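*Asks:* With these hints in hand, go ahead and build the complete structure from the sequences.
Protein chains: 2
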Amino acid sequence: MADAALFEFLHMEMVAELWAHHSDPGPGGQKMSLSVLEGMGFRVGQALGERLPQETLAFREELDVLKFLCKDLWVAVFQKQMDSLRTNHQGTYVLQDNSFPLLIRMASGPQYLEEAPKFLAFTCGLLRGTLSTLGIKSLVTASVASLPTCESGGWGWGNLPNPEVRWGLRVLRPLPPLRVGEAGPGLPSPTYIWGI
Amino acid sequence: MADAALFEFLHMEMVAELWAHHSDPGPGGQKMSLSVLEGMGFRVGQALGERLPQETLAFREELDVLKFLCKDLWVAVFQKQMDSLRTNHQGTYVLQDNSFPLLIRMASGPQYLEEAPKFLAFTCGLLRGTLSTLGIKSLVTASVASLPTCESGGWGWGNLPNPEVRWGLRVLRPLPPLRVGEAGPGLPSPTYIWGI
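As given, the protein sequences belong to chains A and B, one line each in that order. The first sequence runs 1 to 196 under the working numbering. The second sequence runs 1 to 196 under the working numbering.
In short, the hints are calculated from the structure, not lab data. In this text the structure is predicted, and so the values were computed from the model without any measurement. Be careful, since some hints might not be right.
To be verified - Each pair of labels, with its calculated beta carbon distance range:
#1 Arg-51/A to Gly-168/B: 48 to 56 Å
#2 Asp-72/B to Thr-141/A: 34 to 42 Å
#3 Arg-173/A to Lys-71/B: 46 to 54 Å
#4 Asp-72/B to Gly-28/A: 41 to 49 Å
#5 Asp-64/B to Phe-59/A: 43 to 51 Å
#6 Asp-72/B to Arg-51/A: 47 to 55 Å
#7 Gln-90/A to Trp-19/B: 38 to 46 Å
#8 Arg-173/B to Gly-29/A: 41 to 49 Å
Said to hold, decoys possible - Not the full set, but computed from the structure, chain B residues with beta-carbon under 8 Å of chain A:
#9 Ala-5
#10 Phe-7
#11 Val-15
#12 Glu-17
#13 Trp-19
#14 Arg-43
#15 Val-44
#16 Arg-51
#17 Val-77
#18 Gly-168
#19 Val-171
#20 Leu-172
Heads up, the beta-carbon is just placed ideally off N, CA and C, and yes, glycines get one too.
*Replies:* This is the structure in structure tokens:
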């Protein structure tokens with residue numbers, strides 16, 4: 001019946017509860033609620049990571065870890081795979097979900113874009129926490145590429161495009177020493193690894 | 001991988017977060033956190049109930065609704081059925097789970113009994129909310145029949161008995177009018193309907 005829905009409803013309640021109780025409407029209060037949600041996601045991600053079978057944890061390459069997030073983690077949490085994964089091969093990854101489930105029920109229109117961060121913070125933490133258990137320190141951000149908007153031709157969710165979310169993931173590692181007078185390495189454009 | 005675990009971890013984080021922020025350690029603060037958790041459970045239960053297929057909603061008897069909670073709802077949320085259901089046939093039901101998943105990870109020993117309510121409040125609300133969508137107003141309480149305790153012979157979860165929880169469920173309905181001089185109906189002892 002309702003496994004996937006259970007997580008979605010619970011997540012929605014959690015967001016509502018945090019916004020109701022940290023009632024400072026200014027940017028400070030919102031930032032605190034986002035940080036609380038991100039922290040909860042981080043600890044849930046860590047705990048999920050610890051339940052992985054030992055052989056799964058023996059990833060040889062960073063890219064394998066990222067593919068694992070896009071496939072296994074996403075299926076476990078959202079019952080679908082991430083739609084694409086890109087990287088610049090220097091520790092920056094862009095993961096794209098063309099129909100992010102936690103935003104699908106959101107009201108349509110660009111004016112709701114400012115509401116989106118509260119529905120993304122938990123999942124940012126979830127990615128960062130799972131990566132942390134797998135031995136990778138990271139910074140994770142999210143941006144909404146498009147929200148459902150009402151197209152001409154009728155109302156109703158059936159007609160609406162799906163919410164696209166891009167997760168930016170920067171692996172934190174010590175920089176190699178620079179020799180005097182030498183420029184640092186430039187960042188090449190991200191290249192597609194997998195997906196559409 | 002982790003669907004069931006996801007709900008358990010998220011529930012644990014939610015409890016921890018509520019107790020960290022409603023930091024009044026007195027009974028007033030605790031009662032408020034319990035009531036917030038119960039309210040979240042209620043709304044999640046309501047929402048889950050609304051997703052049921054229409055034919056499921058056409059229960060003829062109250063008892064069918066209760067059996068539905070014990071079987072379908074419990075499987076959807078906890079991946080197991082309730083262990084038994086008793087009733088006095090007058091609107092009082094006792095549902096027993098001999099190994100309630102949200103208490104299994106709890107530390108052992110009777111001194112932790114006082115911590116148990118915070119791990120039961122959400123589920124009390126969940127039952128009440130689902131019943132509400134199915135058209136039944138109710139009061140739901142929970143009591144812990146036994147918590148894991150360390151038995152002689154060794155430590156480790158493998159040796160511990162499972163936490164037993166009993167959910168007391170009282171259907172609220174208008175009382176039949178009493179005629180003057182007549183005693184109200186007595187409450188017969190609960191009889192087993194189903195389960196061990």
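*Asks:* Each hint: holds or not?
*Replies:* Hint-by-hint comparison with the structure:
1. The beta-carbon spacing between Arg-51/A and Gly-168/B, approximately 33 Å, falls outside the hinted interval of 48 to 56 Å.
2. For Asp-72/B and Thr-141/A, the hinted distance range of 34 to 42 Å is satisfied, since their beta carbons lie about 40 Å from each other.
3. Arg-173/A and Lys-71/B have their C-beta atoms about 51 Å apart, which keeps the hinted 46 to 54 Å range intact.
4. Take Asp-72/B and Gly-28/A: their Cβ atoms lie about 44 Å apart, and the range 41 to 49 Å holds.
5. Taken as a hint, the range 43 to 51 Å holds for the pair Asp-64/B and Phe-59/A, whose Cβ atoms sit roughly 49 Å apart.
6. Checked against the given bound of 47 to 55 Å, the beta carbons of Asp-72/B and Arg-51/A, roughly 26 Å apart, lie outside it.
7. About 42 Å separates the C-beta atoms of Gln-90/A and Trp-19/B, a value consistent with the hinted range of 38 to 46 Å.
8. Look at Arg-173/B against Gly-29/A: about 43 Å separates their beta carbons, and that is inside 41 to 49 Å.
9. Hint status for Ala-5/B: holds, given a least beta-carbon distance of 6 Å to chain A, under 8 Å.
10. For Phe-7/B, the suggested interface contact is upheld, since its CB lies about 6 Å from the closest CB of chain A, less than 8 Å.
11. Against a cut-off of 8 Å between C-beta atoms, the interface hint on Val-15/B is violated, since the closest Cβ of chain A lies about 11 Å away.
12. Among the interface hints, the one on Glu-17/B holds; its C-beta lies about 6 Å from the nearest C-beta in chain A, closer than the 8 Å criterion.
13. Restraint check, Trp-19/B versus chain A: the minimum CB separation of about 13 Å is more than 8 Å; hint violated.
14. Nearest Cβ of chain A to the Cβ of Arg-43/B: about 6 Å, under the 8 Å cut. The hint holds.
15. A least Cβ separation of about 4 Å between Val-44/B and chain A falls short of the 8 Å threshold, and the interface hint therefore holds.
16. Annotation: Arg-51/B was flagged as interfacial toward chain A, and the flag holds, the nearest CB pair being 6 Å apart, inside 8 Å.
17. Given hint, Val-77/B at the interface with chain A, holds; its Cβ is 6 Å from that chain's nearest Cβ, closer than 8 Å.
18. Using the Cβ-Cβ criterion of 8 Å, the hint placing Gly-168/B at the interface with chain A is not satisfied: the shortest such distance is roughly 23 Å.
19. With a least beta-carbon distance of about 23 Å to chain A, the hint placing Val-171/B at the interface is violated under the 8 Å criterion.
20. The interface hint given for Leu-172/B is violated, since its Cβ lies 24 Å from the closest Cβ of chain A, which is over the 8 Å cut-off.
Hints 1, 6, 11, 13, 18, 19, 20 from the list above are not met by this structure, while the remaining hints are.
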